[in-house]
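Q: Sequence:
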Amino acid sequence: MYKKSLLVMLASCFLGATGMAQGNAPGIDHSYKPMMIKLDDKGQKFIRLITWHQMWVTHTNNNPGTLDVNGKPQSSATDIAIRRSRFLVQAQISPRFMIVSHWGINNQSFVNGGGSGALGTGSSATAQGGKRPQLYIHDAWTEYAVVPGKLHLGTGLHYWNGVSRNSSHSTLTFMTMDAPIFNWYNIEATDQFARQLGIYAKGQLGRLDYRVHLNKPFAFGINPSTVSSTAATNVLNENWSTGGYLNYMFWDKENNVLPFFTGTYFGTKRVFNIGAGWYTHSGATA
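The opening residue of the sequence shown carries number 0 in numbering that gives the first Met the number 0; numbering runs sequentially from there.
Take the hints with a grain of salt, since some may be wrong.
Within a straight-line C-alpha distance of at most 25 Å, the following computed DSS-like cross-link-like pairs (lysine-lysine) qualify [as the list claims (entries may be wrong)]:
no., residue 1, residue 2
1, K41, K149
2, K71, K130
3, K32, K252
4, K268, K32
5, K130, K44
6, K149, K71
7, K252, K44
8, K32, K44
These aren't lab readings, by the way, just hints derived from the structure by calculation. Please read all numbers here as calculations on a predicted model, not as lab measurements.
Please build the complete structure, drawing on both the sequences and the hints.
A: Below, the structure written as structure tokens:
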């Protein structure tokens, strides 16, 4: 009953706000338009701004033995959290040269997600505080169009991943509420939230879309001399990694200006692709 009441309330607020907007400004187009600052008359040079905030209101039936912030048994909990808060800037400073910067936070609630060393957070029953989360860089890369549309080369902290479509999933267009997380095959192992420092090439040859990369994974793991012969773990090394993903677009073609694969187009495109990819990092597992 609680969940149903909450959903009805949210739906009513949305419908009411929509009705007021239509009543106050009839005939105005409120459909999505990119936020862009044009740097020339032809639109070949521009700065595009993207921002998104995903908020979760949750009610959870806890497992037996769960404790609240005061260390007392808690059978259920209700929470409001920031699942994602992101900002992205795409600067097309010439017809061939592009700069992308993407930063933000993830997973802040009233008890976790706070910045390291933040004062006045947490309690005796929690290990983390929820205040003042650390804003950090997700993407920071530059790209040059060698052959526009067919071959683009870039370098930096990037998201042009291999293995599968969902390894470079957009967080704006999920078909479901969220991703299962394991779709990012290396998440926080030797990457920075699914990104690594490296060089990539991407483009489209007819209906074939491709992306390949040569990366320097983050050094994270344990010393090889301490690894048991039966263990499976991250091993420290300085080896490079390679990866890529190729897919053939049978129906409508998709845009690959940015690395984020769309989850759903809400009926605006008909997509049927077949793809394959890989990722290798020699000596990283024992």
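Q: Now tell me, hint by hint, if it's right for this structure.
A: Status of each hint after checking the structure:
Using a Cα cut-off of 25 Å, the hinted pair K41 and K149 holds, with the two alpha carbons roughly 22 Å apart. A hinted pair counts as satisfied when its Cα atoms are at most 25 Å apart, and K71 with K130 qualifies at roughly 22 Å. Pair hint K32 plus K252 holds up; C-alpha atoms about 21 Å apart against a cutoff of 25 Å. Distance hint between K268 and K32 is fulfilled; the C-alpha atoms sit about 17 Å from each other, no more than 25 Å.
For the proposed pair K130 and K44, the alpha carbon gap of about 39 Å is over 25 Å, so the pair is violated. For the hint linking K149 to K71, the alpha-carbon distance of about 60 Å lies beyond 25 Å, and the restraint is violated. Distance restraint check for K252 and K44: the Cα-Cα separation of roughly 24 Å lies within the 25 Å cut-off, and the hinted pair is therefore satisfied. Taken as a hint, the K32 and K44 pair is honoured in the structure, with Cα atoms around 17 Å apart against an allowance of 25 Å.
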